[in-house]
Amino acid sequence: MPFTRGWGQTRSRPKTSIFRSEIMSLVQLYIPSDVARFTVSQLGEMGLLQFRDLNDDVSAFQRSFVNDVRRFDELERKLRYLRTQIERSDVDIYDFFNEEAVAASRGPRDIDDMEEKIGAHEDRVLRLTAAYKDLQLKHLELIENKHVLEEVSSLFVEISGRQQTAAAPASASGASGGGAHDSVPLLGRSDSLSRRSIGSLDAAYAGDAGGYDVEGGTMGGGHDINIGFITGVIRRDRVATLERVLWRSLRGNMFLNYVDIEEPISDPKHDEPVYKSAFIVFAHGESLRDRATKIAEALGATLYHVDRNAERRQEELIETMSRLDDLQQILENNNAARINELTNVSEQLNTWFTIVRKEKAIYHTLNLLNYDANRNCLIAEGWCATNDIPAIQSALHLATEDAGSNVPTVLHELRTTKEPPTFVRTNRFTDGFQNIVDAYGVPKAGEVNPGLFTCITFPFLFALMFGDLGHGFLMTICAALLCIYEKKLAWLAKDESLRMFYTGRYIVLLMGIFSMYTGLLYNDIFSRAMSMFSSGWQWPSDQGGEGVTVEATKLGHTYPVGIDPAWHHAGNSLLFTNSYKMKMSIVLGIIHMTLGICLQVPNALYFKKRINIVHVFVPQIIFLFSIFGYLVFAILFKWCTDWYARDAAGELTHISPPSLLNMLIYMFLSPGSVGESERMFRGQAALQTVLLLLALACVPWMLLVKPFILRREHQKIISEGYGRISSHVRVSSEDDAPGGAIIVSEQEEMQEDDFDFADIMINQTIHTIEFCLNSISNTASYLRLWALSLAHAQLSEVLWTMTFLPTLKMSGALQPIAIFCGFAVWFVLTFSILIGMEGLSAFLHALRLHWVEFNNKFYDGTGTKFEPFAFKTILDEAEE
Amino acid sequence: MKEIYFNADAGYLEGVVRGYRDGLITAPQYMNLTQCETMDDLKLQLATTDYAPFLQNEPSPISTSTLSARCTDALVAEFQYLQQNSAEPVSRFLEYITFGYMIDNVILLITGTLHERDTHDLLEKCHPLGFFDTMPALCVATNVQDLYNTVMVDSPLAGYFRECLSAEDLNELNIEIIRNTLYKAYLEDFYSYCQSCGEPTSSIMAELLKFESDRRTVNITINSFGTELSKDDRTKLYPRLGNMYPEAQIRLARADDMDQVKSILEQYGDYKRMILSANMNASSDSAGGSDMSLEDIFFANEVQLNKDAFEQQFHFGVFYSWLRLKEQEIRNIVWIAECISQQQKDKVNKYTPIY
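If you read the protein sequences in the order shown, they are chains A and B. If you read the first sequence in the numbering used here, its first letter stands for residue 239, the second for the next number, and so on. If you read the second sequence in the numbering used here, its first letter stands for residue 3, the second for the next number, and so on.
Heads up, none of these hints are tricks.
The calculated SDA-like cross-link candidates involving lysine to any residue, where the alpha carbons are at most 25 Å apart (straight line), are:
| hint | chain 1 | residue 1 | chain 2 | residue 2 |
| --- | --- | --- | --- | --- |
| 1 | A | K532 | B | Q147 |
| 2 | A | K846 | A | I860 |
| 3 | A | K253 | A | I694 |
| 4 | A | K532 | B | N173 |
| 5 | B | K127 | A | E510 |
Stretch-level coverage of chain B by chain A, calculated; a stretch enters the list once three of its residues show a Cβ under 8 Å from a Cβ in chain A:
| hint | segment |
| --- | --- |
| 6 | 29-39 |
| 7 | 135-142 |
| 8 | 148-154 |
In case anyone wonders, no lab produced these hints; they're calculated from the structure. Heads up, the beta-carbon is just placed ideally off N, CA and C, and yes, glycines get one too.
Kindly produce the complete structure, drawing on both the sequences and the hints.
As structure tokens, this is what we get:
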């Protein structure tokens, strides 16, 4: 049954604690439409109210404020455009943030102003950028032209130079000599000039040169049989393609040469500067040249006219250079203006972004509200913590004042049977632990929140597996630094991999502190023992030498805190610590599970289900205690007994320490009798029989009683004539609301589930079997505490003896260096493997013990999280 | 055995492509799209789909052509992501998919050049997936021989060109013939490649390619009515595969009008169903010719086949199918956009639903 709350409770403020989630109220707001925007804005600043969507059936673009949303979408697009322009021109975006403008409530006029400003800026930047691009294009042309002139000239100078000498006697025209003459210098040149020309092409050209001669001959060697050429610039990676295609298409009747232009050229068509090459193609005949031109242009080359005449070329080059200089000037001026404009924008950009995002969020929220045209007001519904209602109310007042309106917003609570969202009020410290719980499941409203217990049990269970004073100390230091400088280090939260450590800093801190405590108990510091007090054992002073077993003698006293350091190097130390830690794990595990089972009681009390206490909790606790409670008792009993005590006659008072494992097994296998080796106290056999019977009796109790009681109650209701009520349970607000409000929300049908005995029975069977089996497997599962702590201790021991210890035993001049290196290796490995990786694995196991062994005893975790409308979350999301 | 290693080479890509598939617009989203009144509404609705990042920076009054271009950009971006992350044999398969676009581009360029369009405009219109290095040089080709020797010879399509070389010069008819011959050779080659991929790729792709081939066969037949194309030549253009190969193809080659085509198609269970519903559409909606509805029905059938391809795992067909579905989706969006911008809301529901 969902949790219900009486009307009268509102006035007395319920206490806030992490033990249960906040008590929530479904509130309804009647907002006059002229203050709606201010109100939502105020609420967004406070982040206390989660709006419900009252227009579920209306699609996004049919809602009332869709035009406003669109308007801010457009503004955001403009801002994005400005930002990309700013980023592209390497202008720094000021981190300046106009808190005042962002926080203060904005009137519609402010928004209009802002929109106008942004629009004007965008316009100007657009124009400037367009002009800039235009200029850049011209600039590009000139630069390319310059390169072509320069590179190609060098080619020509030599060609013409040779032509002059070769062709002068024959023809007056320098450039258009006979074909044969032309081909010779060209060929001769090709090696030295075509720095990167493809060899095979040269060869091909050589082959073709013959054909050329013949042709030239038939044309009579006239003036016009010149080698025409085209020059241009093309992207460097296209040169090979151009060459290939040209060669193929002109059947080899061409010669291409190209020179790479060293520096990249910024082409406005591309975002990044591109590398280009200048090329020259020689081909004869108008038609072939046309084809070559077409192909080159199709492949994206830009062609430039280059004159044959060297002087003219020189002139052209000079002219180009001077034009380039002029253009450079203009370009710089233009760019300066543009940068200036962008700098102006960048000062405001962050502020504007924030405002626009906030406004957009406001209108998105307004779209969730119901518009009442008659009363000219908007009706909002939403969840908030009952405790926060006064705060919300004051926010509403503030908003009304801001808007300068005198019609107040009316807030009142609705009574509802709806399941409220879960709001657990956390602080910096509890937040991390609550996250651990939420990852498993968000508590149902009113349910006991395991987050409270997790705060202590989690680091404690972790520490049991990570018990080492030294490692714990290092961990504590790291976490403490994170906590002390948490404001300065807040940027860590933005990094994906470091976020985990940052948000979990308080968990790590507690884990470290607890590890120091358990390390003290285990008497482990970096796998070494500490002798803070005098040991309770004494080794014989005359050591027998290699291979001789010596026995420590017991002194009168016990080591006051933790494990006696004498155990550390004892031959049977593993035997001792294993048995000790194993028993400890069982004892702590049972305690932990008992806590879990007991937490059913507050749940049952809260939801008023007595049946869950009497017929679920009681048999469960009896079952657990009669088997494992007895085991714990036996463990403690065994610890407390001195099994080697002798009586006055010097005889052992006890036969031998009992094997508890066998005792437990034979408790089931041969009830009523206790073997000689397992005997601990008188009446043990009888006690065991009683406990076994109790446990067995609990099984049918758990299985059958609850379903049958439920069935009887159900039948009673039916027989009394109360059928199923499935009409609308309408929550009318007419009586409560001033002026008789309209019912805005039809409450959904009350979720009165059908009574199906078979379902309940099956459910109960599963639960019973699960509980009985789990009590065994979960107890065994706590043994991981022992296993992990053993592994941790052994690993650190190995690390110590393998890396650092040998250097301490060394002698000679090298020892200091060896110690230095050995320590470095040891420390790095300690930090990365023992603290980093081992810590992570212990963390995971502690997590599992909480999620599985602890939570499944009482926790449903079927709630939904409370997600209030808050600008903070919206802005954070937009940042990412 | 192959399945064991499948995930090593293609597991990631298959996962990605299935994710893309889940990003396809669903029926309720189409509902919302068709209800839009203006292009702005449409843009707003598309903001909840995978197209959002490609549309969000467009200034607000958006035109249908921009919308279509941006949607294609989205498709290309996704396909290129697949290509960039692929290794043999997936990369080879993806390459094969692009050949079809290359053929379209080649034909577009030749036709454009024939009509003396500006080369750069033509290049803009080319599908980005069918781009290859030497493609721009197509604009100088004036006859088939030239075309082959200059450009096609080192393009991936060179092998397909062999059969086209008999054509003399480039005119409308020849270009169509070249297109269909190329496509025929491509389909046959793709088919045989898929068969070499082994099960289950081979059987799934066989299904899809056979359907494609049948569709082309029917289209060639219908389009050749009333042209100079002789019936023998027509036969040469039919891809030599498909459900209708060879028997029905021989009969289709002799067909003279739509009715004959339909009667031939009706002898195939699947196609009979298609024709029946096509007839119904034609009668209920006299404005759209029966041709049109036949095409639509082919589209609908194709969508179904492509959806089926996702029912199996460990095969490459998903890549092909996803691309086809995405293309269909873009056609749908553009159709809806056209209807909205031309105020023809009554026809807006004539898109081919996918999911």
